[in-house]
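Line by line, the protein sequences give chains F and X. If you're matching positions, the first sequence starts at 1 in this note's numbering and goes up one per residue. If you're matching positions, the second sequence starts at 359 in this note's numbering and goes up one per residue.
Hints are computed from structural coordinates only; laboratory data are not their basis. For clarity, every value in this text was computed on a predicted model and none was experimentally measured. Take these hints with a grain of salt, some might be off.
Below, simulated DSBU-like cross-link-like pairs (lysine-lysine); rule was C-alpha separation at most 35 Å, straight line [to be verified]:
no.	chain 1	residue 1	chain 2	residue 2
1	F	K193	X	K862
2	X	K934	F	K252
3	F	K193	X	K928
4	X	K934	F	K126
5	X	K790	F	K324
6	X	K922	F	K193
For the chain F half of the interface with chain X, some residues (derived, Cβ under 7 Å), not all of them [what the hints assert, rightly or not]:
no.	residue
7	C11
8	Q13
9	Y181
10	V185
11	D210
12	D211
13	Y256
14	H264
15	D267
16	N349
17	F352
18	L356
Think of the CB as a built atom: it goes at the ideal place given N, C-alpha and C, for glycine as much as any other residue.
Spelled out, the chains give:
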Amino acid sequence: MAGVYIAYPFCAQKCTYCNFASGVFPRAQERRYLEALLAEVRAHAWEWRPETVYLGGGTPGNLAPDDLHAVLKAIPGRPWLEATIEAAPGAISGDQARHWTACGINRVSLGVQSFVEKEIRRTGRKHTAEIVAREIRLLREAAIGSINIDLIAGLSGQIESSWRESLDWIERLEPEHVSVYMLEVDEASRLGKELLAGGARYGAAEAPDDDRVAAFYEIAVERLAGLGLNRYEISNFARPGWESRHNLKYWKLEPYAGFGADAHSFDGRMRTRNAETVDEYLNGARQVGDLPHCDERFFVSLRLMEGIRPDAQEWQRHDAAIRKFLEAGLLEAADGVLRLSNRGVLVSNEVFAEFLTS
Amino acid sequence: MDREFIRNFSIIAHIDHGKSTLADRLLEATGALSAREMMEQVLDTMDLERERGITIKAHAVRLNYRADDGNQYQLNLIDTPGHVDFSYEVSRSLQACEGALLVVDASQGVEAQTLANTYLALHHNLEIIPVINKIDLPAAEPERIREQIETVIGLDASGAVLCSAKSGIGVHDILEHIVHLVPPPKGNSEAPLRALIFDSWFDSYRGVIILVRVFDGCLRKGQKIRLWSNGQTFEVETVGYQSPKATPCDELSAGEVGFLSANIKTVSDAKIGDTILDDEFPADEPLPGFEEIKPMVFAGLYPVESHEHGLLRDALEKLRLNDSAFSFEPENSVALGFGFRCGFLGLLHLEIVQERLEREFDIDLITTAPGVRYRITTTSNEVIEVDNPTKFPDPSSIKQVEEPIILATVITREEYLGGILKLLEEKRGEQKKFEYIGGSRVMLTYELPLNEIVLDFYDRLKSASRGYASLDYHLAGYRVSSLVKLDVLVAGEPVDALCIIVHKEFAFERGKELISRLRKLIPRQMFEVALQAAIGNKIVARENISALRKNVIAKCYGGDISRKRKLLEKQKEGKKRMKRVGRVDIPQEAFLAVLKVGNTEEGG
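The whole structure should be built from the sequences, with the hints applied where relevant.
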């Protein structure tokens, strides 16, 4: 069974670490976008009943009640096994939470990033740990059954003690799911640009270096495991049974259909993607992407801690690379299953790149 | 044409003092080009020449000028290269002239390069017409510059033309001065042919095109000619002149300047400075001054992709068709694989060749640090010449090492003296002269090892003087020096392409610097990598690159698998562009780190 992804790239502000094509756009454009999005969803020939729905952003939590209702109504298959909405803490009300439940949402992913005031301010966000706690209470009261909290390791000003403070809040708030992302430094975000240029804006001068970020990640892996939140994918941790069903589809190469700007689809055979920017999306249709490569499993599915079970051909084709990484201790193999070792996780790009056959 | 009405002249100027603009004005004023054509056609025709604002190849343009005396004159403007690397070519171009315009910027004054070329012109007995340019600029001080020309060069500048090439002021005066002051060429049209080759280049349609100045006799289409230096004979296919478009003519007679083609296959056959003789009636004596040009600066050129080795060889062969001054021979490096040891006239020449290879032939190159040719006497009294640091013999078998020395002239302003003197000392310079040349300007004459110049001298001089220093130099022999080979070991393995020859006194310090630079340039690997600098068996510097801790993509945004793939492909591609030495991937920049050693100011 397949999943549905809805892209809503609108935010109240652009965070300093954000390297996505999302952000703040004129009101009128948002209106036109919603109309185009609805049209795209309605025009879709549903040959299957979606099992999961994921509203990603941007900040879809900011969608007006009627708009959210209209979008979800256009998607068949309710009640879905899992229907997630991404939201930014700081503006979630009880009414809103109840409306989400009423529309079929049963999982909320909160872009908390940090519970430490100094770190939060530097990202440009305005919430506090207490606000997050209050809003999680509201979500629980509205019968949201599954909550995810996003954390970023590598924010400027972050030190070991402050990172542990954020992890303490995870213990207190008891979410079913946690995502730990390591800050991506590239030209696409303001903070990334500043870091690359060696500047000091957005607290760049106080950003922890790669070694410390790696250490923070390892601290998180250990601490979250102690809370019963097991790492099931490089950046994702969940209590058993509460893994994100939708995201698992990506890693297990199961089909999904994406709607909206820069949304991606995979029908099990072909990968397609929509125009990347809102402007392009408003002017254009879908673009056709590449066929999946036979090596995709080796950099997508291998992200899962359960690993992959290569077939005879794959063992043979990648013999040299597999052997090299087994020897280096970056991969582990047992009973025909190949998985990343703890050390391998942190340098997984080095492993994955080797498996690219192109 | 009657020699009485021919004038051959060139323009001597420092970069940015307005040579090209003045040349354009002269072309325009004599009707050689319309103002519109000017926009498209300037004398510097290579992209590289335009971008860098320098002349690499010589040109000779014929201007027809009706002077105030009512006579029609043939003015041949011979535009010369303006860089110290090409001083031999400059001297040959000047030999083809009877006069030169000395163009000096009315606010900047005389520079080292101008000085050197003016002396060259005086050496060839050229009539020199001082031109003070840019007099319409607010900072212009023509009187001070006039005085400077007299004191520094020792030239009577009372009749100097005040000019603004940009606005056209003085251009007419310049043309009249050329007619009246530059003597007409001597020579005898009836005598056996003697023509000077002052430049040549390869044209894919017509073969080698030679620029000549005829001193005696006549050059005609169909004539059988002989080259003095190698005795080769050719039949002249075309003769002509540039106006500035190539214009064929019947003959070039004594005193005239023009081009010829004779189905010559490579420029190395038509050497600059050589004399063209008539094969049937050869003159007894060649024209004076011919020299085989020898490369002074050497570097290894390697393809990044080892399978492009053949491509690189073809490209080098093609370039050599057009540039006989550079040499190459196959070379093998443990670290870099198969490549070529190339010899150049100087650093600019190296850069030009390197850029042309990358641009015109699309080959990614690794260039090893440029060096010079050492003369080594072994303990068995054998004298060998070594231009590749890796071939430097074992210290125990060396009796003495001699290195090439240059005599350098630096002209700068007083306020930058401190930094420049420090730089010259750091570069092992020996002061020969220190002169004030008026207007708070100083002229320094130093003996320096050439090796110190090829590292990063230009850049350092520029930054020490904020661009207000000019440099000129020429080779001044060899000197015994205590030099050692500094080896670099990466993860315990010597990387031959990283070794350098340094003075014993600086070896420790430079080794430390080189290692610390390399540490920043070599990316972290999957394991800890030791970097060491060593002289013989003695380690003089060591640093470690700690193992890579983290390289992971965290997000999987909305099922965007292609973004992940692209990122991984980019990483893989980046690695492919590095050179793997043992187990370590070394980026191209690391091989150039050697260049920056000794530059303590930069730090990062």
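Do the hints match the structure? See the list:
Taking the CA atoms of F:K193 and X:K862, the gap is near 43 Å; set against the 35 Å cutoff, the hint is violated. Straight-line distance between C-alpha atoms of X:K934 and F:K252 comes to about 30 Å, which keeps the hinted pair within the 35 Å bound. Between F:K193 and X:K928 the alpha-carbon distance is near 18 Å, which keeps this suggested pair within the 35 Å criterion. Of the pairs offered as hints, the one joining X:K934 and F:K126 is violated, with about 44 Å between alpha carbons and a cut-off of 35 Å exceeded.
A C-alpha spacing of about 62 Å is found between X:K790 and F:K324, which places the hinted pair above 35 Å, so the restraint is violated. For the suggested pair X:K922 and F:K193, the alpha carbons sit about 20 Å apart, so the restraint of at most 35 Å is met. Checking F:C11 against chain X by beta carbon gives a least distance of about 14 Å; that is not within 7 Å, so the hint is violated. Taking 7 Å as the C-beta contact cut-off toward chain X, the hint placing F:Q13 at the interface is violated, the least distance being around 19 Å.
Interface hint at F:Y181: satisfied, since its Cβ lies 4 Å from the closest Cβ of chain X, which is below the 7 Å cut-off. Residue-level restraint check for F:V185 is violated (minimum Cβ-Cβ distance to chain X is 11 Å; threshold 7 Å). Evaluation of the F:D210 hint against chain X yields a held restraint, the C-beta minimum of about 5 Å falling below 7 Å. With a cut of 7 Å, the hint placing F:D211 at the interface with chain X holds, because the nearest CB-to-CB distance is about 5 Å.
The interface hint given for F:Y256 is met, as the beta carbon of that residue sits about 6 Å from the closest beta carbon of chain X, less than 7 Å. Given hint, F:H264 at the interface with chain X, holds; its Cβ is 5 Å from that chain's nearest Cβ, closer than 7 Å. Taken as an interface hint, F:D267 does not check out: its beta carbon lies about 12 Å from the nearest beta carbon of chain X, beyond 7 Å. Annotation: interface hint on F:N349 holds; nearest CB of chain X at approximately 4 Å, less than 7 Å.
Taking 7 Å as the C-beta contact cut-off toward chain X, the hint placing F:F352 at the interface holds, the least distance being around 5 Å. Annotation: interface hint on F:L356 holds; nearest CB of chain X at approximately 6 Å, less than 7 Å.
Violation of the numbered hints given earlier is confined to hints 1, 4, 5, 7, 8, 10, 15; the remaining hints are satisfied by the structure.
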